[in-house]
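Dock chain B against the given chain Z, drawing on the hints supplied.
2 protein chains.
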Amino acid sequence: MKENGSSEKELFSFLSSVRSDDLSYDRILSSMCTRPHPVAVRAHMLFIETNLGDPGLFPGTMGLEDELIRMLGSLFHHPDAGGYATSGGTESNIQALRIAKKQKPVARPNVIIPASAHFSFDKACDMLGLEMRSVPLDATYRMNPDTVAETVDSNTVAIVSIVGTTEYGMIDPIRDIAAVAGENGVFFHVDAAFGGLVAPFLEGIPPWDFTVPEVSSISVDPHKMGMSTIPCGALLLRDPGAFGCLNVDTPYLSVKKECTLAGTRPGAPVAGAYAVLQYLGREGLSAIVSGCMENTRRLIEGMEAYGYPRIVTPDVNVATFDCPLTPEGWRISRTRQGHMRTVLMPHVTRDVVESFLCTIGEMNA
Amino acid sequence: MKENGSSEKELFSFLSSVRSDDLSYDRILSSMCTRPHPVAVRAHMLFIETNLGDPGLFPGTMGLEDELIRMLGSLFHHPDAGGYATSGGTESNIQALRIAKKQKPVARPNVIIPASAHFSFDKACDMLGLEMRSVPLDATYRMNPDTVAETVDSNTVAIVSIVGTTEYGMIDPIRDIAAVAGENGVFFHVDAAFGGLVAPFLEGIPPWDFTVPEVSSISVDPHKMGMSTIPCGALLLRDPGAFGCLNVDTPYLSVKKECTLAGTRPGAPVAGAYAVLQYLGREGLSAIVSGCMENTRRLIEGMEAYGYPRIVTPDVNVATFDCPLTPEGWRISRTRQGHMRTVLMPHVTRDVVESFLCTIGEMNA
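Protein chains in written order, with numbering that gives the first Met the number 0: chain Z, 0 to 364; chain B, 0 to 364.
Since the hints were derived computationally from the structure, they do not count as laboratory data.
Some hints here could point you the wrong way.
Copies of one chain are not kept apart here, so a pair can be met inside one copy or by any two copies together.
[Claimed, not checked] Okay, derived cross-link-like pairs now, SDA-like style, lysine to any residue, Cα gap no bigger than 25 Å in a straight line:
no., residue 1, residue 2
1, 103, 22
2, 103, 258
3, 1, 76
4, 101, 250
5, 103, 131
6, 103, 125
7, 1, 58
8, 255, 338
9, 101, 248
10, 101, 132
11, 103, 25
12, 103, 241
13, 1, 281
14, 8, 178
15, 8, 203
16, 256, 338
17, 101, 309
18, 256, 328
19, 256, 333
20, 255, 45
21, 255, 55
22, 101, 118
23, 256, 205
24, 8, 40
25, 256, 307
26, 8, 204
27, 101, 153
28, 255, 22
Extracted from the complex, chain Z is given alone in its bound form (with noise of 0.2 Å):
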């Protein structure tokens, strides 16, 4: 650190040049992160200087979260879920097995997820001492209910579904995985981080939400793909009381008790949440999923036409293929399995997409 410090002028050349060597979303295909919807990012700049974890300090921010998870919950079928603002699905998916564990203590705990789950379940289960139980997925790269049925025991705290897989864009068949978790009276999550304002606008999907009866809890990051800022989790819970297992003492505080993880909490992001969802509407929302989801298919039409076939028909956004080519000035990503993997965030347009398939088409040539 400098002694005298540095002018305002010098440190933002400076800083102009470092964000300068970051990329640009243009060209990025591997991220289920896009670029901030602008009355998101307008919303967090007008609450900057807020502080949910002293709610007492910022009621009307602390509205501002009630009405998001108020929000997500009409969305997720059940308004009355109880539900905070984490720092994104790793928090969320910690928080929800937190609860689960202490639902059901018994000496060995066991969790199982499917093979596809994201890497913050490797976090949650070491953090919290639980077995990790991954189960192989069918051949759609769907976790298989009858696979779950034959490795749950009486030590199963928690069964764990995804809507919308990182890898491969795959829902779970949830009803029959809830059947499951129903019989043998287990906590069901669903790890909707990515699907859960993606799969509320497809058409013909089976139920996945709060209607399903045996839903416990779900997760859906607004800074996927509710183009709010970073950082923006949150967590939904059937029963809101449920949260009160997480409680600690909060003295000093303008609140008694608190059940987050983190205890300083940003309102800017929630606050951008919130804003996204209330200009768009269901209409909205619904129009920029569509527009995704014609991109996949416009992409694996492309890709195919090339000879690269997708992988599987994905349910969400995210398309996959058998393509060993690295197209250059592109982010794309591998799956463990070596597949090309890509997302078709809001901002990857159609132009886009056309302009990708023109880079795969000229390697081909």
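Then chain B, alone, in the frame of chain Z:
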């Protein structure tokens, strides 16, 4: 959620009214957060799109995080400390205890914390299955090294001390407790979430940072006395390699492993923290700390003139009083012992202190 969305004008008119329901920092003496510095807000905006969870896409921002850690490491006399930007003190403390636990695998691990420790340690010990041994404080509200020595045993995986306690603003006798940690070969974590950006600018306090050889890790929150935007904490480790035990595999990202708690992580507050430290330099930070300490002394003098004695002479800018008043229009808080507690953050200027003392004087008349 509405079907058709709102107009931007209508939305921001509503959001502005919500925001006006929040309290202004002008009359908040109960918080360890403050208004972010204007250069933090400007830098935050410049980096609003960035995600440190996938650093290969944001190499510029990643470099800034490294630089922030280096600046904090230098401030704590160990420029080569390992570290990363966390969501705040709670994540930093959880991660420090995770590392300590992994370094010493015992069947019934325990952690020794002072009774003054922040409630984040309740969360951390609950999550990690650690027995929390809270030791009583001495007459000056500091951790007693003798009590620590009596409490430590072969199952102790970590000892925690505080630099700038939440309730009374004290700095624990770090060297003496470090000696106990050293004799017993125990990981020693210093929670300097608040005091980490105060203590380096105080005259005549004993060594407390990495100059004390037994200090294993330090947490510090730039979003407190660093006047950065929320959320910005940091965890620093003497041995950068020690983070390795937290690594999980991260397929489909631009890096192969990560040790952080969160996945998606905002780059914006990291840029904010970097900007403040760089803009102010040591001299600027020192001037701000001097001002806060001067205001702390003035508040104590003023309160005592009205017959409300200090509970203890604080090491940092937190002042506590034997005073039953609830000054109207102000936010103060109460310690667990019922003492009036005030935090003299940068937004609590000399004028604010005098105005607060006026209110006390009027109530006293």
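Quick rundown of the hints versus the structure:
In this assembly of identical chains, the alpha carbons of residue 103 and residue 22 never lie at most 25 Å apart, being 46 Å within a copy and 41 Å across copies at closest. When the C-alpha separation of residue 103 and residue 258 is checked against a cutoff of 25 Å, the pair qualifies only within one copy, where the shortest distance is 18 Å, while the shortest distance between copies is 29 Å. Taking CA atoms no more than 25 Å apart as the test, residue 1 paired with residue 76 passes between copies only; the shortest distance there is 14 Å, against 55 Å inside one copy. Proximity of residue 101 to residue 250 under the C-alpha cut-off of 25 Å is restricted to the intra-copy arrangement: shortest distance 23 Å within a copy versus 31 Å between copies.
When the C-alpha separation of residue 103 and residue 131 is checked against a cutoff of 25 Å, the pair qualifies both within a copy, at 16 Å, and between copies, at 22 Å. With identical chains, the CA atoms of residue 103 and residue 125 are at most 25 Å apart both within one copy (18 Å) and between copies (15 Å). In this assembly of identical chains, residue 1 and residue 58 lie within 25 Å of each other by CA distance solely across copies; the values are 23 Å between and 39 Å within a copy. In this assembly of identical chains, residue 255 and residue 338 lie within 25 Å of each other by CA distance solely across copies; the values are 16 Å between and 50 Å within a copy.
With identical chains, the CA atoms of residue 101 and residue 248 are at most 25 Å apart within one copy only, with a shortest distance of 17 Å there and 27 Å across copies. Both within a single protomer and between protomers do residue 101 and residue 132 lie at most 25 Å apart by alpha-carbon distance, with minima of 18 Å and 21 Å respectively. When the C-alpha separation of residue 103 and residue 25 is checked against a cutoff of 25 Å, the pair qualifies neither within a copy, at 47 Å, nor between copies, at 46 Å. In the homo-oligomer, the alpha carbons of residue 103 and residue 241 lie at most 25 Å apart inside one protomer (12 Å), although the nearest pairing across protomers, at 33 Å, exceeds that limit.
Proximity of residue 1 and residue 281 under a CA criterion of 25 Å is satisfied inter-copy only: 6 Å between copies versus 51 Å inside one chain copy. Taking the shortest alpha-carbon separations for residue 8 and residue 178, neither the intra-copy value of 62 Å nor the inter-copy value of 46 Å comes in at or below 25 Å. For a Cα distance limit of 25 Å, the shortest separation of residue 8 from residue 203 qualifies neither inside one copy, at 55 Å, nor across copies, at 35 Å. Taking identical chains as interchangeable, the C-alpha atoms of residue 256 and residue 338 lie at most 25 Å apart only when they sit on different chains, with a minimum of 19 Å there against 47 Å within one chain.
Taking the shortest Cα distances, residue 101 and residue 309 never come within 25 Å of each other, neither inside one copy (42 Å) nor across copies (42 Å). For the identical chains of this complex, residue 256 and residue 328 are inter-copy neighbours only, at 24 Å across copies versus 50 Å inside a copy, given an alpha-carbon limit of 25 Å. In this assembly of identical chains, residue 256 and residue 333 lie within 25 Å of each other by CA distance solely across copies; the values are 14 Å between and 43 Å within a copy. Taking the shortest Cα distances, residue 255 and residue 45 never come within 25 Å of each other, neither inside one copy (27 Å) nor across copies (37 Å).
In the homo-oligomer, the alpha carbons of residue 255 and residue 55 lie at most 25 Å apart inside one protomer (10 Å), although the nearest pairing across protomers, at 41 Å, exceeds that limit. With identical chains, the CA atoms of residue 101 and residue 118 are at most 25 Å apart both within one copy (22 Å) and between copies (19 Å). Taking CA atoms no more than 25 Å apart as the test, residue 256 paired with residue 205 passes in neither setting, with 38 Å inside one copy and 35 Å between copies. For a Cα distance limit of 25 Å, the shortest separation of residue 8 from residue 40 qualifies both inside one copy, at 24 Å, and across copies, at 15 Å.
For a Cα distance limit of 25 Å, the shortest separation of residue 256 from residue 307 qualifies neither inside one copy, at 55 Å, nor across copies, at 29 Å. In this assembly of identical chains, the alpha carbons of residue 8 and residue 204 never lie at most 25 Å apart, being 54 Å within a copy and 35 Å across copies at closest. In this assembly of identical chains, residue 101 and residue 153 lie within 25 Å of each other by CA distance solely inside one copy; the values are 15 Å within and 28 Å between copies. For the identical chains of this complex, residue 255 and residue 22 are inter-copy neighbours only, at 19 Å across copies versus 44 Å inside a copy, given an alpha-carbon limit of 25 Å.
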